[in-house]
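S.K.: Here is what each chain is made of, one letter per residue.
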Amino acid sequence: MENAIIIVVGADKPGIVAGIATKLAENNANIIDISQTVVRGIFAMIMVVDISKCKVSLSELRKQLQEKGKELGVEVHTYHEEVFRYIERV
Amino acid sequence: MRYSADEVIEVFRMLNEEDLDIRSVTLSINTLYAISDDIDKTLKKLGSLDKTLEEFSSAVDEVSGKYGIKVVTKRVAVSPIQFFLEVLDEKDGVEIAKFLDKLAENNRIDYISGYSAFADRGFTRGALKVITTLSQALNSTIRLTGMINAASTTSGMNIEAIKLFVDKIFEMPPSSSSRTTIMANVPPDSPFVPSAHHGLGMPEATINIAVSGPGVIEGAIKRSRPKTLQELHDVIKRAAFKVSRLGELIGKSVAEKMGINFTTVDLSLAPSPNVGDSVAEIIESMGIEKMGGHGSLAALAILMDAVKKGGAMATSAIGGLSSAFIPVSEDAIMVERALEGYVDFYTLIALSSVCNSGIDMVGVSKSQGKDKVIGLISDVLALAISLNKILGARIIPVDARPGTYIDLGGLLGKIVVMRLKDVDVTRFASYTGFIPSTIKRLELG
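Line order of the protein sequences matches chains A and B.
The letter at position 30 of the first sequence is residue 30 when you use the UniProt record's numbering, and the numbering goes up by one with no holes.
The letter at position 103 of the second sequence is residue 103 when you use the UniProt record's numbering, and the numbering goes up by one with no holes.
Same shape as in the complex, but just chain A (with noise of 0.2 angstroms):
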């Protein structure tokens, strides 16, 4: 399994779940986990995703959703899990 992790913080309106959920589906990438909390007082999630059968490549994937985001008006990152992994656990 590979996995990223999706970071969307803006402000909350319904939709933004869907919105995601269906570009990662249209990609093949499997949502693993999923938290809701507030950041500085702005809306953010984040989402574990396995992304081993992704169709497309991870910055590829990336700028996808950045598209999407920018269509929902919320700012979307996306990282590899492997620098959570680095920076977090020794």
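Treat the hints as calculated values from the structure; they're not laboratory data.
A portion of the hints provided could be inaccurate.
[As the list claims (entries may be wrong)] Straight-line alpha carbon distances no greater than 25 angstroms define the calculated DMTMM-like cross-link-like pairs of lysine to aspartate or glutamate that follow:
id, chain 1, residue 1, chain 2, residue 2
1, B, K70, A, E88
2, A, K63, B, D61
3, A, K55, B, E443
4, B, K257, A, E88
Starting from the structure of chain A, add chain B where the hints point.
M.R.: Then chain B, alone, in the frame of chain A:
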């Protein structure tokens, strides 16, 4: 593996708000195979680098894309050109310079480093030719960098090399002199331009990493509000650990992709002219109102030690120039403090005793003469010899008055012209020869 929301947000904040990025990925590569007394043969052999550079450039782009981490510059370090010029003519040095510059440009490499020579005690033919062609080589290129190692704890200091070097930088515009430095105790493996080169004792090729994370350290200090100096030290150490880990991840990935050795992460903090990416700002966040104020040296010493301790746990691949760099023009707050008069040459020399700043990216007025600049450089190199550490002086001579600045733009920032003391040092600067190696040499065996 699960991550808490706090952990995810912490990494997110480091990368997005605090400008954590990879300052440079450097491919250091042996080019001594290309030495020949026929310049055409040399250039033809160096031409084989083209493929490797392309491969390197793509590997960095791929890794940067995969992880979503910004890599600010891609650099290549070659074997010192001194070795080539032992058997070639002076003018061939300039040919090699142009050739390397073109190679870099063709392969999207930001800097190619190695127009360098070692002349700690005296000159070989090659070293002398590198110095005498320094201004020609740099003035006819854009991406080439080089250094002169003019002093070392083991050999002493070559004042003749300093004088020649000063002559040469006075012949350069800032866009060239910002690409060369004069140093003491240069390490064999560093990703920092202008002093990077493929050193003796290294494998055929290596990958070196320099991380930049002043914003992360500053953010950690501001958020945690430490009460004791131990707490302050600990906060920096933890943040430095995380910064260095990112460097290790990127370095290892690029090296793996290319099937070569990953050599070092420089445990370092390097600023950029962006707001929130300043080393001086860290010192100010530690409670010194203006960088340069009394206490700055102690604050920098705490920072340095904590950065090195945190980084040492993050990676076993330690090397290069591990330190906090404060190239004045490249650090937005340093520029301001220099213009306000809180940071002058003596502040920089004092700071160099606890980190590897040296005098880096500072302007001098050509009208103040060469002798004072020779004196200034010899001060920095003498400090390096005494403390047995790496220091350098990257000085930009300009036709402007002290107290003013010249904006170079981009990563290079604003060159502040600092006042050299109005004291005549002509007689000291007129000595020839070298300063003998100090008593420290005997301790080393």
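S.K.: The structure should be examined with respect to each hint, and the outcome stated for every one.
M.R.: Now the hints, each set against the structure:
1. The suggested pairing of K70(B) with E88(A) holds, with an alpha-carbon distance near 19 angstroms, which does not exceed 25 angstroms.
2. The straight-line distance between the Cα atoms of K63(A) and D61(B) is roughly 15 angstroms, inside the 25 angstroms bound, and the hint therefore holds.
3. A C-alpha spacing of about 62 angstroms is found between K55(A) and E443(B), which places the hinted pair above 25 angstroms, so the restraint is violated.
4. At most 25 angstroms may separate the alpha-carbon atoms for a hinted pair to count; K257(B) and E88(A) meet this at roughly 24 angstroms.
Hint compliance for this structure: hint 3 alone is broken.
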